[in-house]
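Chemist: The chain contents come next:
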Amino acid sequence: MSADAYVILAAILFSIGVLGFLVRRNALVLFMSVELMLNSCNLLFVTFARQWGNLDGQVASFFVMVVAAAEVVVGLSIIVAIFRTRRSASVDNANLLKY
Amino acid sequence: MTPLLVPLVSGAAVAFWICAPLMVIGALGMVLSRKAVYSALFLALVMVCLAVQYAAQDAPFLFVVQIIVYTGAIMMLFLFVVMLVGVDADESMVEVIKGQRVASLLAAGGLVILLVAALSRTFVSAPVGFDAANAASEGHIQGLAALIFGRYVMAFEATAALLITAAVGAMVLANGERITPRQDQTTRVKARLAGYAATGAHPGPRPSSGVFARHNSIATPAVLPDGTAAPGSISDVLVQRAPTRDASALGAATAAVHREIAAATEGEGER
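As given, the protein sequences belong to chains A and B, one line each in that order. All letters in the first sequence, in the order written, are residues 1 to 99 by the numbering used here. All letters in the second sequence, in the order written, are residues 1 to 271 by the numbering used here.
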C-alpha cells in the first residue's frame, strides 16, 4: 500500500494532540497531548524511512523517544512539585509569577 | 515489498486499517474524557496501536522500543503521577478565556484540513523498503546499530547525559522540603511523658483490637470487662472511614450466658 495513508494518519493524530493541548486545563492531559504529537511525528519518521529505504529515519525516531522519556520525567516531577504547594494540577492555578 | 495476503491487500494494509481507526478513537477519547486516568489509558491504546504500525512498516526495533519505553515506562509514570495527584480531581469546565474552546476547535480543524490537503499526495512511488539497506549491513538491527554507534554516536552520548540530568532533576524537584523538625524516638517518648504529666494520658501503647471466636478484624473493638469498648482499640482512620462493630453486640452472647448461669445458680440455692 502507498505510504500516503500513514502520513494522513499522523496529520490527524497531530491535530488531535494540538486540540487537546489547547482545550484541556489539566497539566497531566496537556502532557499526554504533547506525547501524542511526538508520537505522530515518530510515525512520520518511520514512514519516510520505509519510503526511501533509509534507516536514518528510524534512528531519529529512536532519539525522539529517548528525549521524550527525559522530558516526561522532568515535566511530571514539576507537576508533582506544583501539586504539592498549590494542591491542584490545573494550569490555571499556577499563576504565582503573574502577581 | 511485503507479501500479499489476497490480491492487492498486504498484511501491512490490514494492520493499518484495523489500527488507524482505533488510534483516532483513542486519541479523541484522550482529549474528551474528563478523568485523567481514562486519558492515560486511551493514550496507552494509541501507543500500542502505533507499535503495531511500526511493526507493519518493517521497524521491529522501534516496535519493541515503543512498547517498552512508551507503554511500559512513560505511561506507567503517567499513571503513578495520576495516583499521586488525585484520581478523582475533575477539572473545571469553566472557560477562563471566553470563546477559547471554539477557537481551539477551529484551529485544530483548520490544521487537520491544511495538513491533509498538503500531504495527501506526498508520494508518487511505492515505498522502497529496507531490502537494500538490510542487505548492505547484514540485517536490520545491525544496520541501526551501525548508524547509532557510527554516524550518530555523538548524539547518542548526548542523550546519555540528557537522561542522567533528567534523573537528577526529577530527584531534586520531587524531593519535598521538610517544614517541621524530624520526629525521632527520643522526641516522641518525651512528648508522650509530657502528656502523661499534664493530662494523665496513658503513655504506653494503645490496646489492640478485639480477638473473638467469630471476629478478629482490626475493625472489631476490644471489650472491657463491663461490656463497653476499650477506647483507642480501633484506629481513628477506620472509625472515620466505615462503621465498626458494636461492642455491646459483641458482649451480648457472654452476657446471656452469664444471666443463664446466674438464673441456674439461684434456682439451686432455693432447692
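Worth flagging that the hints you see were computed from the coordinates, not collected in a lab. A hint or two may mislead.
Residues on chain B that point at chain A, a partial pick, calculated with CB under 8 Å [what the hints assert, rightly or not]: (1) Met76; (2) Ala107; (3) Leu147; (4) Thr244; (5) Ala247; (6) Leu250.
For the chain B half of the interface with chain A, some residues (derived, Cβ under 7 Å), not all of them [said to hold, decoys possible]: (7) Ile97; (8) Phe130; (9) Arg206.
For each residue, glycine too, the CB sits at the ideal point set by N, CA and C.
Chemist: Now tell me, hint by hint, if it's right for this structure.
Modeler: Here is what the structure says about each hint:
{"no.": "1", "hint": "Met76", "result": "11 Å, violated"}
{"no.": "2", "hint": "Ala107", "result": "6 Å, holds"}
{"no.": "3", "hint": "Leu147", "result": "5 Å, holds"}
{"no.": "4", "hint": "Thr244", "result": "30 Å, violated"}
{"no.": "5", "hint": "Ala247", "result": "38 Å, violated"}
{"no.": "6", "hint": "Leu250", "result": "41 Å, violated"}
{"no.": "7", "hint": "Ile97", "result": "10 Å, violated"}
{"no.": "8", "hint": "Phe130", "result": "6 Å, holds"}
{"no.": "9", "hint": "Arg206", "result": "31 Å, violated"}
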